[in-house]
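Protein sequence lines, in the order shown, are assigned to chains A and B.
The first sequence maps to residues 1 to 231 in my numbering.
The second sequence maps to residues 1 to 88 in my numbering.
By construction, these hints were calculated from the structure, which means they are not laboratory data.
Idealized CB from N, CA, C, for every residue including glycine.
Incorrect hints may have been included.
[As the list claims (entries may be wrong)] Calculated from the model, a selection of chain A residues having no Cβ within reach of chain B, i.e. all distances over 12 Å: (1) Leu26; (2) Ala30; (3) Asp79; (4) Glu95; (5) Thr115; (6) Arg160; (7) Asn201.
[Stated by the list, open to error] These stretches of chain B come out as covered by chain A in the derived footprint (C-beta under 8 Å, 3 or more residues): (8) 22 to 33; (9) 69 to 80.
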Amino acid sequence: MTARIGVVMFPGSNCEHDVAEAVEDLGASAELVWHKALALPSVDAVVLPGGFAHGDALRPGAIARFSAVMGAVRRFADDGGPVVGICNGFQVLTEAGMLPGALQKNAGLRFLCATVELRVETTASVLTSEAVVGQILRVPINHFEGSYTCSPDQLDELDRGDRVLLRYVDNPNGSVGRIAGIRNEAGNVVGLMPHPERATNQLLGSTDGAVLLRSLVRAATRLRPAGSRPA
Amino acid sequence: MSGPGGRFDVLVEVSLREGVSDPQGATIERSLPALDVTGVTGVRVGKAIRFTMEAVDEGDARSRAEDLCRRFLSNPVIEDARVEVLRA
Numbered sequence: 001m002t003a004r005i006g007v008v009m010f011p012g013s014n015c016e017h018d019v020a021e022a023v024e025d026l027g028a029s030a031e032l033v034w035h036k037a038l039a040l041p042s043v044d045a046v047v048l049p050g051g052f053a054h055g056d057a058l059r060p061g062a063i064a065r066f067s068a069v070m071g072a073v074r075r076f077a078d079d080g081g082p083v084v085g086i087c088n089g090f091q092v093l094t095e096a097g098m099l100p101g102a103l104q105k106n107a108g109l110r111f112l113c114a115t116v117e118l119r120v121e122t123t124a125s126v127l128t129s130e131a132v133v134g135q136i137l138r139v140p141i142n143h144f145e146g147s148y149t150c151s152p153d154q155l156d157e158l159d160r161g162d163r164v165l166l167r168y169v170d171n172p173n174g175s176v177g178r179i180a181g182i183r184n185e186a187g188n189v190v191g192l193m194p195h196p197e198r199a200t201n202q203l204l205g206s207t208d209g210a211v212l213l214r215s216l217v218r219a220a221t222r223l224r225p226a227g228s229r230p231a
Numbered sequence: 001m002s003g004p005g006g007r008f009d010v011l012v013e014v015s016l017r018e019g020v021s022d023p024q025g026a027t028i029e030r031s032l033p034a035l036d037v038t039g040v041t042g043v044r045v046g047k048a049i050r051f052t053m054e055a056v057d058e059g060d061a062r063s064r065a066e067d068l069c070r071r072f073l074s075n076p077v078i079e080d081a082r083v084e085v086l087r088a
């Protein structure tokens, strides 16, 4: 059965079509979901895409987390459904308390737009299950507030719980522990600053993001929460 | 205003927690020698948010403003918030 991936659109999101095309190229179908939706359509996974939801007013993600759709996204995640936040989507998930820590301004105060190298640290997540630990992936970053930060206790918890998915090889933004992506305890909620959807075609300079989205598509088929589809 | 309640001016100062790096503050501090300014250290950049609020009294205004800070105006993971309340 084709996996259906819901891609949430907030006012100011700008990567939703990139994500939709990328997952469709991998054999899934994509459905855009407006942020005012009170319920998710029948989907097997949810992506919160990159962009500038609500213009990043106050803080990135601070307003998006109150969007109507986020209640449904939280319930979907609580039921075990795969949820991935990319870039601004990661910021939304931390603001919503669905992932620990916060993203703050890059060390060096530069907006970073570059392809960077990421090391896969664990395969125990919906985004890395098809990858190999130690694998180096070349994936673009595109952010100003991407410096991952958390308390020493939270960092310890992430490390001990095998919850860091990806680390930067050369830390471009000053993230603690060179963290580029993390997961929740269960492994079904994931956030990362790099954009795998922009590295799924040789025309874009790298196809290394495909293994991440392919993991998501597989997880969507495997983990679809009971009752998420009409019988 | 007579009787219970009234309007209060609230000033919220949001700043990065101690220990959280502040690249803006650091950049400002590094630029000071270019202005021949010496002896200024510990520069930290935050934001000020002002609003007026209806409340029973000053204590009520303060506690509701602090709640708003915790839930929305600051991100307690990396930021502290300080609330000042004045009768409007």
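Outcome of the hint check:
At the 12 Å boundary, the C-beta of Leu26(A) stays outside the reach of chain B, the nearest C-beta of that chain being 34 Å off. No beta-carbon of chain B is positioned within 12 Å of the beta-carbon of Ala30(A); the least distance is around 31 Å. The beta carbon of Asp79(A) sits about 25 Å from the closest Cβ of chain B, which is more than 12 Å, so the claim that it is off the interface holds. Some Cβ of chain B comes within 12 Å of the Cβ of Glu95(A); the nearest lies about 7 Å off, and the non-interface call is violated.
For Thr115(A), the shortest C-beta to C-beta distance to chain B comes to about 23 Å, beyond the 12 Å cut-off, and the non-interface label holds. Residue-level check passed: Arg160(A) sits 19 Å from the nearest beta carbon of chain B, beyond 12 Å. With a cut of 12 Å on Cβ distances, Asn201(A) stays outside the contact zone with chain B, its closest approach being about 34 Å. Counting residues of the region 22 to 33 of chain B whose CB lies closer than 8 Å to any CB of chain A gives 3, which reaches the minimum of 3, so the coverage claim holds.
Coverage of a stretch by a chain is defined here by at least three residues with a beta carbon nearer than 8 Å to that chain's beta carbons; for the region 69 to 80 of chain B and chain A the count is 5, and the condition holds.
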